[in-house]
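Colleague: So you can see what is in the structure, the chains are spelled out below.
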Amino acid sequence: DQQVKQNSPSLSVQEGRISILNCDYTNSMFDYFLWYKKYPAEGPTFLISISSIKDKNEDGRFTVFLNKSAKHLSLHIVPSQPGDSAVYFCAASVGGTSYGKLTFGQGTILTVHP
Amino acid sequence: EPEVTQTPSHQVTQMGQEVILRCVPISNHLYFYWYRQILGQKVEFLVSFYNNEISEKSEIFDDQFSVERPDGSNFTLKIRSTKLEDSAMYFCASSGRQGYTDTQYFGPGTRLTVL
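Protein sequence lines, in the order shown, are assigned to chains A and B. Numbering (this note's numbering) for the first sequence: 1 to 114. Numbering (this note's numbering) for the second sequence: 1 to 115.
Everything labelled a hint here was simulated from the structure, so no lab data went into it. Check the hints yourself; a few may be wrong.
[Said to hold, decoys possible] Quick list of in silico lysine-lysine cross-link-like pairs, DSS-like style, CA-CA up to 25 Å:
1. B/Lys57 - A/Lys5
2. A/Lys54 - A/Lys71
3. A/Lys37 - A/Lys56
4. A/Lys56 - A/Lys5
5. A/Lys68 - A/Lys5
6. A/Lys38 - B/Lys57
[Stated by the list, open to error] Pulled from the structure, derived: some chain A residues nowhere near chain B, Cβ distances all over 10 Å:
7. Ser8
8. Gln14
9. Glu15
10. Asn27
11. Asn67
12. Ser69
13. Ala70
14. His72
15. Gln81
16. Gly83
For each residue, glycine too, the CB sits at the ideal point set by N, CA and C.
The shape of chain A in the complex, shown without the other chains (with noise of 0.2 Å):
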């Protein structure tokens, strides 16, 4: 099952920098799209997310930007902190909310070096 897919296992930023992840999915039918973080032996922790009516979601240093046309969206974290290493999963959903069967990428682990 491909419908999403990270096709970067890792990233590696300088503190300070901009740390841009990406996501990209098959299925049409998904309408909305969320960012989850995950810290080992946690759970998924919601970052953001943003429905397929907008383009661009921004809350604090999080930024996801979503083109439907390319079917793919980024999360962008400006300025990057050590404190944001951890795995990052783009998951996807039918119906315009989250409330239905999440699908999720494989994950982009995100290392910001100090």
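On the provided structure of chain A, position chain B as indicated by the hints.
Modeller: This is chain B only, laid out in the frame that chain A set:
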């Protein structure tokens, strides 16, 4: 801040045994979920539960699996006869307060090891 809790944190069992994984969702949430993550693989949806019944389940969620909300606070996942391939991290999640648009909040997970 309210959080989803799960017990136990780690469960070791013999193949063929029954296990029950327990979750306490966030109070006042209406939707409940189980997901699992096999080591090195994606987080996969198992089942969603609303209004005391299953609302959606994946092909993984076969007759060996069942869910129950036995009281007003707990949400359980039962695996009737465990297989080696059931070894995974199992995450419970909840969402949906009445009148709010809410995301899914995940618990810390239960690591199930089937020997």
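Colleague: State for each hint whether it applies.
Modeller: Hints, one by one, checked against the model:
1. Restraint check for B/Lys57 and A/Lys5: the C-alpha separation of about 22 Å stays at or below 25 Å, so the hint holds.
2. The suggested pairing of A/Lys54 with A/Lys71 holds, with an alpha-carbon distance near 13 Å, which does not exceed 25 Å.
3. Taken as a hint, the A/Lys37 and A/Lys56 pair is honoured in the structure, with Cα atoms around 19 Å apart against an allowance of 25 Å.
4. Between A/Lys56 and A/Lys5 the alpha-carbon distance is near 20 Å, which keeps this suggested pair within the 25 Å criterion.
5. Between A/Lys68 and A/Lys5 the CA atoms are separated by roughly 15 Å; this keeps the pair inside 25 Å, and the hint holds.
6. A hinted pair counts as satisfied when its Cα atoms are at most 25 Å apart, and A/Lys38 with B/Lys57 qualifies at roughly 24 Å.
7. Residue placement check: A/Ser8 keeps its beta carbon more than 10 Å from all beta carbons of chain B (closest about 15 Å).
8. In this structure A/Gln14 is separated from chain B by more than 10 Å, as the shortest Cβ-Cβ distance comes to about 28 Å.
9. Every CB of chain B is more than 10 Å from the CB of A/Glu15 (nearest about 27 Å), matching its label as outside the interface.
10. With 10 Å as the threshold on Cβ separation, the claim that A/Asn27 sits away from chain B holds: the shortest Cβ distance comes to roughly 13 Å.
11. Residue-level check passed: A/Asn67 sits 22 Å from the nearest beta carbon of chain B, beyond 10 Å.
12. Residue-level check passed: A/Ser69 sits 25 Å from the nearest beta carbon of chain B, beyond 10 Å.
13. Residue-level check passed: A/Ala70 sits 22 Å from the nearest beta carbon of chain B, beyond 10 Å.
14. Distance to chain B confirms A/His72 as a non-interface residue, since its nearest Cβ pair spans about 18 Å, more than 10 Å.
15. Every beta carbon of chain B lies more than 10 Å from that of A/Gln81, the smallest distance being close to 21 Å; the non-interface claim holds.
16. At roughly 18 Å from the closest C-beta of chain B, the C-beta of A/Gly83 stays outside 10 Å, upholding its exclusion from the interface.
Checked against the numbered hints given earlier, the structure satisfies every one of them.
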